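Protein chains in written order, with the UniProt record's numbering: chain A, 1 to 248; chain B, 1 to 248; chain C, 1 to 248; chain D, 1 to 248; chain E, 1 to 248; chain F, 1 to 248.
A couple of the hints might just be wrong.
Intra- or inter-copy, both count: the list cannot distinguish identical chains.
[Claimed, not checked] Derived lysine to any residue pairs resembling SDA-like cross-links, with alpha carbons at most 20 Å apart:
(1) Lys-56 <-> Arg-46
(2) Lys-196 <-> Ala-219
(3) Lys-146 <-> Val-43
(4) Lys-82 <-> Arg-92
Derived from the structure by calculation, the hints contain no laboratory data.
From a predicted model like this one, the values you see are computed outputs, not experimental measurements.
The primary structure of each chain is shown beneath.
Protein chains: 6
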Amino acid sequence: MRNDGRQWNELRPVTITMNPNKHAEGSVLIEFGDTKVLCTATVEERVPPFMKGQGKGWINAEYSMLPRATQVRNQRESARGKLTGRTMEIQRLIGRALRSIVDLQALGERTITLDCDVLQADGGTRTTSITGAYVALALAIHKLNKQHNFTKYPLTDFLASVSVGVIQGNTLLDLNYEEDSKAKVDMNVVMTGGGKFVEVQGTGEESPFSREELDSLLAAAEGGIAQLVAKQKEALGESGLRIGTATV
Amino acid sequence: MRNDGRQWNELRPVTITMNPNKHAEGSVLIEFGDTKVLCTATVEERVPPFMKGQGKGWINAEYSMLPRATQVRNQRESARGKLTGRTMEIQRLIGRALRSIVDLQALGERTITLDCDVLQADGGTRTTSITGAYVALALAIHKLNKQHNFTKYPLTDFLASVSVGVIQGNTLLDLNYEEDSKAKVDMNVVMTGGGKFVEVQGTGEESPFSREELDSLLAAAEGGIAQLVAKQKEALGESGLRIGTATV
Amino acid sequence: MRNDGRQWNELRPVTITMNPNKHAEGSVLIEFGDTKVLCTATVEERVPPFMKGQGKGWINAEYSMLPRATQVRNQRESARGKLTGRTMEIQRLIGRALRSIVDLQALGERTITLDCDVLQADGGTRTTSITGAYVALALAIHKLNKQHNFTKYPLTDFLASVSVGVIQGNTLLDLNYEEDSKAKVDMNVVMTGGGKFVEVQGTGEESPFSREELDSLLAAAEGGIAQLVAKQKEALGESGLRIGTATV
Amino acid sequence: MRNDGRQWNELRPVTITMNPNKHAEGSVLIEFGDTKVLCTATVEERVPPFMKGQGKGWINAEYSMLPRATQVRNQRESARGKLTGRTMEIQRLIGRALRSIVDLQALGERTITLDCDVLQADGGTRTTSITGAYVALALAIHKLNKQHNFTKYPLTDFLASVSVGVIQGNTLLDLNYEEDSKAKVDMNVVMTGGGKFVEVQGTGEESPFSREELDSLLAAAEGGIAQLVAKQKEALGESGLRIGTATV
Amino acid sequence: MRNDGRQWNELRPVTITMNPNKHAEGSVLIEFGDTKVLCTATVEERVPPFMKGQGKGWINAEYSMLPRATQVRNQRESARGKLTGRTMEIQRLIGRALRSIVDLQALGERTITLDCDVLQADGGTRTTSITGAYVALALAIHKLNKQHNFTKYPLTDFLASVSVGVIQGNTLLDLNYEEDSKAKVDMNVVMTGGGKFVEVQGTGEESPFSREELDSLLAAAEGGIAQLVAKQKEALGESGLRIGTATV
Amino acid sequence: MRNDGRQWNELRPVTITMNPNKHAEGSVLIEFGDTKVLCTATVEERVPPFMKGQGKGWINAEYSMLPRATQVRNQRESARGKLTGRTMEIQRLIGRALRSIVDLQALGERTITLDCDVLQADGGTRTTSITGAYVALALAIHKLNKQHNFTKYPLTDFLASVSVGVIQGNTLLDLNYEEDSKAKVDMNVVMTGGGKFVEVQGTGEESPFSREELDSLLAAAEGGIAQLVAKQKEALGESGLRIGTATV
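Extracted from the complex, chain A is given alone in its bound form (with noise of 0.2 Å):
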């Protein structure tokens, strides 16, 4: 039995609310449990200079925690004057996961920036915000469809992402952070939509895993991350079946 009274595979509650933000061009607030992560897609009609004049978009992503989302307060970054390098290691995760859902060459030269700040913070704040950051980012594209009508519709896939471990030997789907700090060994997966894996990051820095468990965890990530896929689509109703109707 888990601390919160879940079953092994069994996600915590996940709330998607839409459009929480007036100016984004598309905005999600969205919770696994206690973890709440606000996400918004800018759009801008330019591409960072390394991209210019390849005639193709661009998606990045940007990762912040408020100083209070933890149980004890963490100095803003801004104040330290740089990004810790897990900050960097996060956002470099959501850029990378969400390119690979979207057909560069479809969105034109344009960048969407994803911003995921975590408004509370319970363990799985990457997974998280990957979830709804597809999202706002499908938000942000129905939305430049309807103002450019794309001839091919730059959204390839559903994304979404989730944790597991291995606390005491059992593997664990969507880890609190009680369970996150006693995982000897901490995976997360980014999939999409049509199964496949386009993220895989498992480490055993306490104690380092057999074959049999790294098959266990991708498995039961697996099983998560259909059951999020299918709460995207609820949440994305008709925008979503557009992207449906194209990929999956």
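Following the hints, complete the assembly by docking chains B, C, D, E and F onto the known chain A.
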């Protein structure tokens, strides 16, 4: 008639949601119309180096806007590697204002940090922050009092803030973003529940103002602040009464 | 009786030395008692990026204190690698104040930067800086006019600044450092030669103040500023008359 | 056939030069083909602040590339004033991986820092760094043991790392730079001498990958790592045997 | 004939104004022609971390130019967020030079910081700074001696500095800015009152120089420094005699 | 007798390994005894902003030490977020020295950057860097000449550097680390193949030096540099002859 249908001396709808954050010692989500600020209070049992050994506490504030809080996305200050002058100015103002209604001696050697994070901006983010941070602070001190039973209650009064400005010769209360960008004179006022001034910051960069205009602005602010303090009392309920008894 | 023998509404001795710097387009060394600030004006035939293509000019200010301008040596901001909030706040104030009496359209697409470097500090460095920077600015515009013969003279009025405060219930004009550190209420006022307010910044961190106190402070400031403007006119002589004719 | 004539499951020539640095407690120059990394181990008799008083040691890693390690010169991170996200990610990975095979309790309150400086890059700099840093670490612990005669030997296993990828549907082992830039799927694997996983980081930014592809990549990595561990044993000789006895 | 009418071996007019700063333990405003530097000495009863517990003192120097000290305005180093290489080089030189004539043991565990702020520049700012900083240092040590009555007087000699250069085959003493920018060879020399070399820094970036030229430059510098030391003695008067007795 | 058995005027063993880096336009690994520096030359077909449009090229140098190049590990400058003054001073010196023997006009609008990375340090890293960087530069220019067939060959002479010092009254050539830390006087000299001085930097922080000592130091340096130039000629072979013909 104002762009959102308000009277010249009418506040925007004010909403105060209590304790939206499960980790903080006190927290509110405060809304002045479409301006939404999450304020959290963090208590730490130590003081900054310059306050050590004086037997007194400290109140500190930090302010930040999410990148897409505004119509056009702003670069994160953490990515720029430094705070803007505007942010520094605002967080110094919030801290100074809150310290004016705290008896630092009575608080004892501890620091309360108020984080004001603007989730959505539509003018008046600093006044909304001060008004919300006061409530988060009151909650944190109320909680501290339950643990420590202060000999002297450290909160000495209510505190709220509002903006006023002059547009086309008319004094207006609580400017939204569109009004703010048109105002020739712009003033932020912070007052106590007892009706005294804590901060008066008026600027006529685009057009110097007369003593008559100044008097009219101060009167409008006074009226607005009285209404905001009433909202705070309503939100704080019993803990608000505690403070009320002591000071008003 | 004040610690330096002045009356409550008496300024410290004011000295303005014209053009101490051979490179700058305008410069003054201004002294309010023992507070000494070197102000230089630099004209550049370009505007900052955010002003480009509007046919308008820009006025910018920078402020700094030499490390041993104060009783205890301060670390250089260049060595710390960033400006303090106090410095940012002051230089934003100086720039904003000076822009209020310049017709940026008439100035044309050029920038005038006012550098205010405090050689020795004894309270009131920001008010001394504004009062001195005005004169350096007037000299630079006068020089520009000789070259370009402006259709409309870009300087619209005189501008000076003074501090006022409350100590033991008494309103005092132009506080020196010792007074400043004892004042319960502290206010900086910037006014034009025509007697209008450009900035009013009052703070009662240590003790909120009443409307009556505010009125008394404003009256004292008004008297001090009139005397400072007279000093500026005397220092500027013929070029001051030029401005005087146009605006007062 | 690969661009350098290797079989799909063939490593590049691996060379390990022992102790090229006369100051370090352990050092190797390791080469995976044209990728050359200088790894030095530094022992310090103290731990970072967050580890103090726990009676445990710490393993830390830093990674950097010389500016002309690559085909096109890169700006130094010291000149930019900050580390890139890529560097942070890699050095966090190296440190985490090495800690997995060190018994920090047995090591005692001391820190071993592994510096991995890439002298020349041709793909796989992070896997080369981990494989070389392990040997430098083993040398440093061997030397420490001579001085302190550890009750429990702190090194618990061998550790090596290799990259695998998918190019045009083929799984390839140990990608060089040209292969790396063409790969649709890219994976770095870190394993112990005992055949367990320490890190699995696979990314399909350009093309999501199936479970079958993942299995094939893992198998290829496993084969490569076994060969690398054999090379490490050969290089370490007697000190390697010491470790071997304890753990394999 | 030189551009300002001087002989080849003639210094510019040298002026030393004593104690222009009321806070510093010693201060001078020194002028070499139009080059004007404010030098202040600050005494602190502690040493930097690397000097702790050795029973010895430390002499430190910082150097900066006001932004409009030069013909074209320079960006402030505080705004750039870091010191330029030129500034670092100069302040290291000043500190090193001054330490050569201080007996750090005799000084005891205290630090004297010399701040050299260039108010106006016309070539030779580093040599002017060293020559002025010496006098500020002598004043501060004289003042310390009054309080502590040193067993051994910590100042061991006079110290001054001058530049020399080669223009069109002619050796010139004490170059002004225009000469400096034309010189093929540029040398700064620091010498003691006793006629020994403390620093010799010659550079022939634009044209390597022969041994004969070097000898001629050194001879010119020697003559100039003797005159500067005479000026210092005159300025220091009685306190200068004190030093003179001890060392010359 | 010196600590490593050398005569007072004897260089340490000098080794120059040609082209150790496959990417750079020119590279050497140079060793002065146990001091080992990797020097790479990078050619870019553009010049820095301040050189644009003059039809001239630029030579730039960067210097760095690996963290464990020294007996005690140094913090990386990239981790500190800024270059030390020492690094800036050295890389400015290297660049200035190399520019003295390059005809920038003849080079045309391109930049050659010399990176000098100290792999192991035992005194004299700056003199070793200059001597090695010269060879890397010569290789790069030789390669450029093959492509462009310069009308005028841009390299005008050989260039090498050596340190000299005074220990216990004796002049010593090419100090190693232990000697360097004991020397009362320390001098670095850069000379051309033609026997002219490019840089003379002598410092007597611990003990001012006489004219006789200076002469003795210069003579020793002259002898050492002649030997280093012979080594460079030997290493460069045919490309060295090319340069020799033009200039010596």
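Hint-by-hint comparison with the structure:
1. Lys-56 <-> Arg-46: within (10 Å within a copy, 27 Å between copies)
2. Lys-196 <-> Ala-219: both (12 Å within a copy, 19 Å between copies)
3. Lys-146 <-> Val-43: within (14 Å within a copy, 49 Å between copies)
4. Lys-82 <-> Arg-92: both (16 Å within a copy, 16 Å between copies)
Of the numbered hints stated above, none is contradicted by the structure.
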